[in-house]
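Protein chains: 2
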Amino acid sequence: MFVDQIAMNKVIVLYRRPSGKAVQGDFKLIFEPVPVADDGEILLKTRFVSVDPYLRGRMNDKPSYVPPFKLNKPLQSAIIAEVIDSNDTRFKIGDMVCGNLEWKEYQVATGKGLQLIQTADIYLTAYLGILGMTGLTACLGLTEIGRPKPGETLVISGAAGAVGSVVGQIGKIMGCRVVGIAGSDQKVKLLKSKFNFDEAINYKTTMDLRGAIKTVCPDGVDIYFDNVGGKISDDVLNYINKYARIVVCGAISMYNETSRVLGPYVQPSLVSKSALMQGFIVSDFADQFPATKKQLFKWLMDGKLSYHETILEGFERIPQAFIGLFEGNNEGKMIVKV
Amino acid sequence: MFVDQIAMNKVIVLYRRPSGKAVQGDFKLIFEPVPVADDGEILLKTRFVSVDPYLRGRMNDKPSYVPPFKLNKPLQSAIIAEVIDSNDTRFKIGDMVCGNLEWKEYQVATGKGLQLIQTADIYLTAYLGILGMTGLTACLGLTEIGRPKPGETLVISGAAGAVGSVVGQIGKIMGCRVVGIAGSDQKVKLLKSKFNFDEAINYKTTMDLRGAIKTVCPDGVDIYFDNVGGKISDDVLNYINKYARIVVCGAISMYNETSRVLGPYVQPSLVSKSALMQGFIVSDFADQFPATKKQLFKWLMDGKLSYHETILEGFERIPQAFIGLFEGNNEGKMIVKV
Numbered sequence: 016m017f018v019d020q021i022a023m024n025k026v027i028v029l030y031r032r033p034s035g036k037a038v039q040g041d042f043k044l045i046f047e048p049v050p051v052a053d054d055g056e057i058l059l060k061t062r063f064v065s066v067d068p069y070l071r072g073r074m075n076d077k078p079s080y081v082p083p084f085k086l087n088k089p090l091q092s093a094i095i096a097e098v099i100d101s102n103d104t105r106f107k108i109g110d111m112v113c114g115n116l117e118w119k120e121y122q123v124a125t126g127k128g129l130q131l132i133q134t135a136d137i138y139l140t141a142y143l144g145i146l147g148m149t150g151l152t153a154c155l156g157l158t159e160i161g162r163p164k165p166g167e168t169l170v171i172s173g174a175a176g177a178v179g180s181v182v183g184q185i186g187k188i189m190g191c192r193v194v195g196i197a198g199s200d201q202k203v204k205l206l207k208s209k210f211n212f213d214e215a216i217n218y219k220t221t222m223d224l225r226g227a228i229k230t231v232c233p234d235g236v237d238i239y240f241d242n243v244g245g246k247i248s249d250d251v252l253n254y255i256n257k258y259a260r261i262v263v264c265g266a267i268s269m270y271n272e273t274s275r276v277l278g279p280y281v282q283p284s285l286v287s288k289s290a291l292m293q294g295f296i297v298s299d300f301a302d303q304f305p306a307t308k309k310q311l312f313k314w315l316m317d318g319k320l321s322y323h324e325t326i327l328e329g330f331e332r333i334p335q336a337f338i339g340l341f342e343g344n345n346e347g348k349m350i351v352k353v
Numbered sequence: 016m017f018v019d020q021i022a023m024n025k026v027i028v029l030y031r032r033p034s035g036k037a038v039q040g041d042f043k044l045i046f047e048p049v050p051v052a053d054d055g056e057i058l059l060k061t062r063f064v065s066v067d068p069y070l071r072g073r074m075n076d077k078p079s080y081v082p083p084f085k086l087n088k089p090l091q092s093a094i095i096a097e098v099i100d101s102n103d104t105r106f107k108i109g110d111m112v113c114g115n116l117e118w119k120e121y122q123v124a125t126g127k128g129l130q131l132i133q134t135a136d137i138y139l140t141a142y143l144g145i146l147g148m149t150g151l152t153a154c155l156g157l158t159e160i161g162r163p164k165p166g167e168t169l170v171i172s173g174a175a176g177a178v179g180s181v182v183g184q185i186g187k188i189m190g191c192r193v194v195g196i197a198g199s200d201q202k203v204k205l206l207k208s209k210f211n212f213d214e215a216i217n218y219k220t221t222m223d224l225r226g227a228i229k230t231v232c233p234d235g236v237d238i239y240f241d242n243v244g245g246k247i248s249d250d251v252l253n254y255i256n257k258y259a260r261i262v263v264c265g266a267i268s269m270y271n272e273t274s275r276v277l278g279p280y281v282q283p284s285l286v287s288k289s290a291l292m293q294g295f296i297v298s299d300f301a302d303q304f305p306a307t308k309k310q311l312f313k314w315l316m317d318g319k320l321s322y323h324e325t326i327l328e329g330f331e332r333i334p335q336a337f338i339g340l341f342e343g344n345n346e347g348k349m350i351v352k353v
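First to last, the sequence lines map onto chains E and S. The first sequence lines up with residues 16 to 353 when you count with the working numbering. The second sequence lines up with residues 16 to 353 when you count with the working numbering.
Only chain E is shown next, with the shape it has when bound in the complex (with noise of 0.2 Å):
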């Protein structure tokens, strides 16, 4: 045990369950003492956390797919940490893990639903975004649900974020024309230069979104991945073609809205194209993650994927990095390094 047993842990808390958009005063920095690994345990250091949007939805009160936080508790995300004591024969200081762990610096943790992490080939953050759940959901969305074909047009939205940067580029190596709608020209640039994509609209700066994307969809739209839901979906929708596959995999625009948004029903769109609108939810396809994982593995090995992350420093800044990503703060996966 090099941890000192009396040195104080730092750990964050839902103090307060947000209303509306979130703000730091949600959050708790409070201190407690550092753990001691027991029998069959191991004691854990946090290195990288992962922020994701749908961590907003947990906040509430509310059953949805995912249990809700509790106030005065820690939370939760993927996290990257390392082992620093271990009572349990898999692990070995010093090895690298990943898992659904509690915002704390340092935790205890037995084995259960950790995953030991390899460095040899990869970058270590990697394991939280395209290796992670972020790459699954893109390559399972995308695959399961928007089923592409050679020369079909893909639309996504949220197209920089950290699940939609992957989605375009899985679309490019299935061979569709691939268009990205994101928050900024600097995020355009990025899609069409780092990530491939063929066109990208700031939606932002774009006075007429509807115009813009029939102009750069001049086939109509085959697939639409939608990130953010309201009114950038609203205008999607009228250019899809007969067929259409719309992957609801998240509704960012919404998650902090206190009321139910209103907007154009979408059940004419759906009837007069034959399209289908499908919830997307990773966990359901629990049985094609190994498969996946390797697929992905092999695309990045073999350069077909590209990465980016937008990294904060500092175990604080954790609330400050969640809270950003719903003012289009990252390009790629948002990552706290501790």
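I should point out that these hints are in silico values taken from the structure, not numbers from a laboratory. Because the structure is a prediction, the values reported are computed rather than measured. Check the hints yourself; a few may be wrong.
[Stated by the list, open to error] To give a feel for the contact side, a few chain E residues facing chain S, derived at Cβ under 8 Å:
{"id": "1", "residue": "ILE137"}
{"id": "2", "residue": "GLY244"}
{"id": "3", "residue": "PRO283"}
{"id": "4", "residue": "GLY294"}
Cβ atoms here follow ideal geometry from the backbone N, Cα and C, with glycine treated the same way.
Fit chain S to the supplied structure of chain E, relying on the hints for placement.
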């Protein structure tokens, strides 16, 4: 030729495109000479005319999955007609045919697209309804998109209409618990007594439709067969189960709207339940028509399906019958007898 060639023929044309709800003044009865069957043609006398909600869409000057009607040209729908003169060896005088024909008392046609119908075992008008597009829509929409499993809860809007009343009965055959939403106490009674629905709700007299749906669907909604759209559908969507399927077959509540109607976004419900919402157009499934018709015929013969019609008499009343669809004047299939 037993038709007097200087006799006048009644024809109903689209005189004006309806703005909102169609009114009598949008249609015009004109007279023209009864035509003569040329080489290879047959002369038909209209016997029964089907009017259907989807025709409203064709009255707008807007491309959809069927082309718009032309102004001052006859409207069209599914019609049963009698062959009264024939220059085509496949048809003899007295034969009954069914096809997509014009709103004319007499018309010439080639045999193309016409089905010779057998009247031995079945009501003639069944070919406009349960053995026609209505039955095919109900059966294929439910099985191909709804994919019912025994024990699941199936909710149907517009349940007492032509399609809805067949969907419910097929749902019962397939072992579902079936709940109908309709617009009068008489329809509710009909659904439970004649069509074997487990529960039915009169949405017009129920103060709290959402609560009523919850009460009659204690295990939630697995399949929602939607003929009406709008607020009724918003309420049903509150109770969908994980992996629910929503068959968007029609949106009669919205067909007459002159601007795009707003409602709560469906995307959050679809994501949180991994649910599917898909537009259904029966013509996409044409390769399955023969087998499906055979199945429907068998169920009808076996007494497993009941059939209900609302019949108006008189060629001139076709517009009235059509307009009545949007006032909920029909129970089951709406037909005009000429």
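Hint by hint, here is what the structure shows:
Because the smallest distance between the Cβ of ILE137(E) and any Cβ of chain S comes to about 30 Å, over 8 Å, the interface hint for this residue is violated. Proximity of GLY244(E) to chain S holds as hinted, the smallest CB-CB distance being about 5 Å (cut-off 8 Å). Interface hint status for PRO283(E): upheld, as the beta-carbon distance to the closest one in chain S is roughly 6 Å, under 8 Å. A cut of 8 Å between beta carbons decides the hint on GLY294(E): the least distance to chain S is about 4 Å, and the hint holds.
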